[in-house]
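Asks: One letter stands for each residue in the lines below.
4 protein chains.
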Amino acid sequence: MKTEFRVAFLGAGRMGLTHLRNLTGIKGVRVVVVADVSLEAAERGKVAAGAERATTDIAAAIAAPDVDVVMITTPTPTHVELLEAAVWAGKPAWCEKPISQDLASTRRVVDQIAKAGLPVQIGFMRRFDPGYATAKRRIDAGEIGVLERFSASSCDFAPPPIAYIATSGGIFVDQAIHDLDLCRFLVGEIDEVFAWGDSRIDPAFAEVGDVDMAVATLRFANGTLGTMQVSRRAVWGYDTRTEIAGSTGKLVVDAPQKTPLRHYGQLQSTVDHFASFPDRFEAAYRLEMEAFFDALREGRPPTPSAADAMETLRVAIAATRSLRERRPVKVSEIV
Amino acid sequence: MKTEFRVAFLGAGRMGLTHLRNLTGIKGVRVVVVADVSLEAAERGKVAAGAERATTDIAAAIAAPDVDVVMITTPTPTHVELLEAAVWAGKPAWCEKPISQDLASTRRVVDQIAKAGLPVQIGFMRRFDPGYATAKRRIDAGEIGVLERFSASSCDFAPPPIAYIATSGGIFVDQAIHDLDLCRFLVGEIDEVFAWGDSRIDPAFAEVGDVDMAVATLRFANGTLGTMQVSRRAVWGYDTRTEIAGSTGKLVVDAPQKTPLRHYGQLQSTVDHFASFPDRFEAAYRLEMEAFFDALREGRPPTPSAADAMETLRVAIAATRSLRERRPVKVSEIV
Amino acid sequence: MKTEFRVAFLGAGRMGLTHLRNLTGIKGVRVVVVADVSLEAAERGKVAAGAERATTDIAAAIAAPDVDVVMITTPTPTHVELLEAAVWAGKPAWCEKPISQDLASTRRVVDQIAKAGLPVQIGFMRRFDPGYATAKRRIDAGEIGVLERFSASSCDFAPPPIAYIATSGGIFVDQAIHDLDLCRFLVGEIDEVFAWGDSRIDPAFAEVGDVDMAVATLRFANGTLGTMQVSRRAVWGYDTRTEIAGSTGKLVVDAPQKTPLRHYGQLQSTVDHFASFPDRFEAAYRLEMEAFFDALREGRPPTPSAADAMETLRVAIAATRSLRERRPVKVSEIV
Amino acid sequence: MKTEFRVAFLGAGRMGLTHLRNLTGIKGVRVVVVADVSLEAAERGKVAAGAERATTDIAAAIAAPDVDVVMITTPTPTHVELLEAAVWAGKPAWCEKPISQDLASTRRVVDQIAKAGLPVQIGFMRRFDPGYATAKRRIDAGEIGVLERFSASSCDFAPPPIAYIATSGGIFVDQAIHDLDLCRFLVGEIDEVFAWGDSRIDPAFAEVGDVDMAVATLRFANGTLGTMQVSRRAVWGYDTRTEIAGSTGKLVVDAPQKTPLRHYGQLQSTVDHFASFPDRFEAAYRLEMEAFFDALREGRPPTPSAADAMETLRVAIAATRSLRERRPVKVSEIV
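From first to last, the protein sequence lines are chains P, A, S and U. Count the first sequence with my numbering and you get residues 1 to 335, in order. Count the second sequence with my numbering and you get residues 1001 to 1335, in order. Count the third sequence with my numbering and you get residues 2001 to 2335, in order. Count the fourth sequence with my numbering and you get residues 3001 to 3335, in order.
One chain only, chain P, in its complex shape (with noise of 0.2 Å):
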């Protein structure tokens, strides 16, 4: 049993520093090089992981000899590329989330990983989220019995740029993909979508073709029921809310308090919420990681799986579809 993992990781944004200040925290992993196209990046990233050395030759770091584990953390357009070159060095990768908008560059990848048998991690950290990963465990232990209905509420607290709308892929595509994974790992595979979008907040999102909020009713191939609501600004907060209802319980995750504290005030009282997606997700953004070098280390393939992203990514082309042509559209016309 491999113990020790020695990880070329590329790309250091914010994000990328966050996963690298995460990594410290696990036995047995050492980050070797930090890759990034810019070097100050590279260097900040070098410095929060205690890496070895920090470098702008991003191929030369997932080849390097003493790299055993590729990271990929770099935007989404380069995800392909970099997953195809960890797969051609023949090293288990990790990659942030999407692997990509389109369908067939992602099956390619996912082809490719498949006949290589490596083990690929996609970051959906939702799923290991302590309230997800709990619920998760319940319903296999059939806690709350046979799974009828399911309904998932997820918005941003404040929209992103319009210039990254406009080749985000969608707000199912780029947004909703998170709780259509959760819908994949909660309830199981989706049938058939009907979607309604609108562009509310900003007619810009009209203006390059995508909505701003969108509110969608799902069928899974198990019987289950779902709806969707899915908005670029909630004003309350980063705002993601769960439930799955079964014949015996239902579980629901629901935004949590910011913090332990409650203010009264004239006859009320009032809680804090999370802005950002990083806060309200810390502890899944570390335990991602962990679960991902656990896999590796137990040698069980790690999830969720390139093939995972591949189906996801299936649900929400066929959500934005229905979307455009106001129909209700199966998963399997998306091929």
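Careful, some of the hints might be misleading.
Each computed BS3-like pair below joins lysine-lysine, with the alpha-carbon atoms no more than 30 Å apart [claimed, not checked]: (1) K258/P with K3027/U; (2) K2136/S with K1258/A; (3) K97/P with K3027/U; (4) K3258/U with K2258/S; (5) K3258/U with K3115/U; (6) K2136/S with K3136/U; (7) K258/P with K136/P; (8) K1258/A with K2027/S; (9) K2258/S with K1136/A; (10) K330/P with K136/P; (11) K3027/U with K2258/S.
Please keep in mind that the hints were generated in silico from the structure rather than gathered at the bench. Quick caveat, the model's predicted, so the values are computed rather than measured.
Given the structure of chain P, go ahead and fit chains A, S and U onto it with the hints provided.
Replies: Same frame as chain P, now just chains A, S and U:
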């Protein structure tokens, strides 16, 4: 200004008795006669309300010269006829929801009421729940800005007998009608609805042509997007949750604790939930009565009106049609 | 078994009217006469209860041959005399708390009631709140094991007028008496108390020899240890919180939300709280009446009894003495 | 401004390892040497922190020329000696609480630190919990007005071994010291304390001269009145609750849910609680370290200081004396 009201109360079943007791607490209201096809029930109602007389002659009760308000909690199939009798007698009326499951007869009654110019209120009690009533005031005061999203979940604790289901009009007309009334009360008119449903709790629902759970997406005239979930069973209690999200805030009315007690056990704490809607909406049942007589006293038209009941019925019929035809249905199709 | 009760209701002030309205909802109870020193108040009470007559002759109301139960909500200084009159008349009585602030006269009444063997209940309504009543049942059922610790916090929204304070008997006898009754109801007899208090909200409290806030430690006969906080003002609303911790669990009855509504604003969410005890304990006021007549109907002694009120008063007097003498005081010292 | 710190870390037990991992996430901090009487433990600590060397020679680690900060998590009886060694070496230090259970030796260290003018922080981590830290900021900003009442409840999930209790200094010095530190942090100096305690969980506590639960009333120098409850066992989890009530508001820091998950079962819903303080105060343990180095970096004296620890110890000793002598004890008596 009229300040004393002499009521003929028709129907003294379980909810009838609740209403009769509540009426005793309303200033200026005197139940003169309780009428029911069962004299025993009428007598029980007479005692509960401290009424003057009990009778099985419902028509005579409506027509009695010492009666100036008619209140109807008889079985649904009798509502149309009794409301018409009240209109013919020229007496203001309060009637338990629904007027009818049938749009044509509902419209006939609504037209007669309009022609007569009589004040009529229909028993959508949730509007008077302190939670929903406060939400409405805050929405109207602009406290959450422009409305953007609506979400409702509505579950009974245990399903009614299949014999009831068979003539209930279906899950949207019979059960979700309360949530659709809240949609119209809190957000505004609904333009279009898409629904999926299934018979998963008990195949007997399918056998009588109904479903036991459903999900839907809603599009409102003002652009608000919504989702809805309905279920005939929730072992965790009668469960009604409503979210209204706007540009500057969100209002959530959730199922309250049954008591202010929290019970801490082995590494967890637990609260109890209500099993029944009469318990959950105890205050609402009292307050809807008070509001009816306040309106009469002040010469304002009481709400929700018979026309409100008809509009909500149209939405429920549209949802039912969507369920059957597996396509989005415009409420304007329902005529 | 007696099933019909004809009530003389004495005192038709604000709380009297609440009780009168609640009585209309209790099966088998008929308010025959409402008596008050103000005929106008008595008439208002008569209307509220649908009573037969109103009067200013309180003695005659008690003695009236068509009256078989006496209920007393007149000002506190009259309670002793009126309870004695009910005892002399041989009629069961319900009396608002306290019997008296004075131990000697309270004892005299308690002795007379005991000698007469009459059912008498005193208005410590909190025992009938669904939260506290459920807590009591669970404690009695052993659901939290051996009782170990008790904690109570009790705050009014706004202080009463100083003129009232001057004759109130002090913060423990006047306000904390409800919490001390809960101590005895939920845990058992109190052996010893230590209290500190101060006049920090308004120096006028000190001027009339009272404090406006106090803290205390309690030692119960069964070994349970407790703390208590009392304040005459809490801008966040009427605030009552009670914890009972045992070897296998803990029960907490906290101030409930005013409505089931949560309001989300800029990065926070807010709930409303009750301002007044009549709102917080609305159900308790109804249920204490029902419990009184249930006991009469079933021939059980109603509780809390006059003897309960006396024992609780002794604890309040012990706490007051501790406050003044700055030392732990045994309840057995208070005779 | 110094920006790089080279740490000798003394003591690599369970909490030591937690601190070592947390240190890896703090910019500019490098653990040079981990020292422990067990070389195995020191080596484990070295790996956890990515340190340069491990040793059993604690004195040498403090004195090492490449070390400029000393951090101490060794067993309590060694704290005085090691803090003195750090002072002699002229190196800033962070030390786990308490300095000592003994006031005389604590005062000796405090005096030496004062004379040396060295920055020293003691490990009362709760001050850095986001809940308590926010409460402090709001109190200082006047958001709840004039402080009036304080309430704390503090329960361990399971009692420590009796062997530990025998030398622990007693429930106030060993356990409630954290709550007493919060008193001083949030409200101010304590003037007088009155306490009762008992051995009810396990008679073994009494046999070693201690109690396993206690209650107390507190009088603060600024007039605030307080109560406190402490217990060595709470089967519902590690339970810490603190209330600070003021003239215009109240702040409550309560035991948070373990996860954002709520589990609905038969007519109830349940949330999980933490069993341990390292889980409850995970963030606080990280943030106290960051605050220490922030203070060093910015040349501010870190808090809580050794003098803070001494003042809090005096209150704990006063409470212990009150417990034994059954009378209110002034903190000024403890010299």
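Asks: Confirm or reject each hint.
Replies: Hints and how they fare:
no.: 1; hint: K258/P with K3027/U; result: 24 Å, holds
no.: 2; hint: K2136/S with K1258/A; result: 16 Å, holds
no.: 3; hint: K97/P with K3027/U; result: 27 Å, holds
no.: 4; hint: K3258/U with K2258/S; result: 27 Å, holds
no.: 5; hint: K3258/U with K3115/U; result: 44 Å, violated
no.: 6; hint: K2136/S with K3136/U; result: 37 Å, violated
no.: 7; hint: K258/P with K136/P; result: 23 Å, holds
no.: 8; hint: K1258/A with K2027/S; result: 24 Å, holds
no.: 9; hint: K2258/S with K1136/A; result: 16 Å, holds
no.: 10; hint: K330/P with K136/P; result: 25 Å, holds
no.: 11; hint: K3027/U with K2258/S; result: 47 Å, violated
Violated hints, listed in ascending order, are 5, 6, 11; each of the other numbered hints is respected by the structure.
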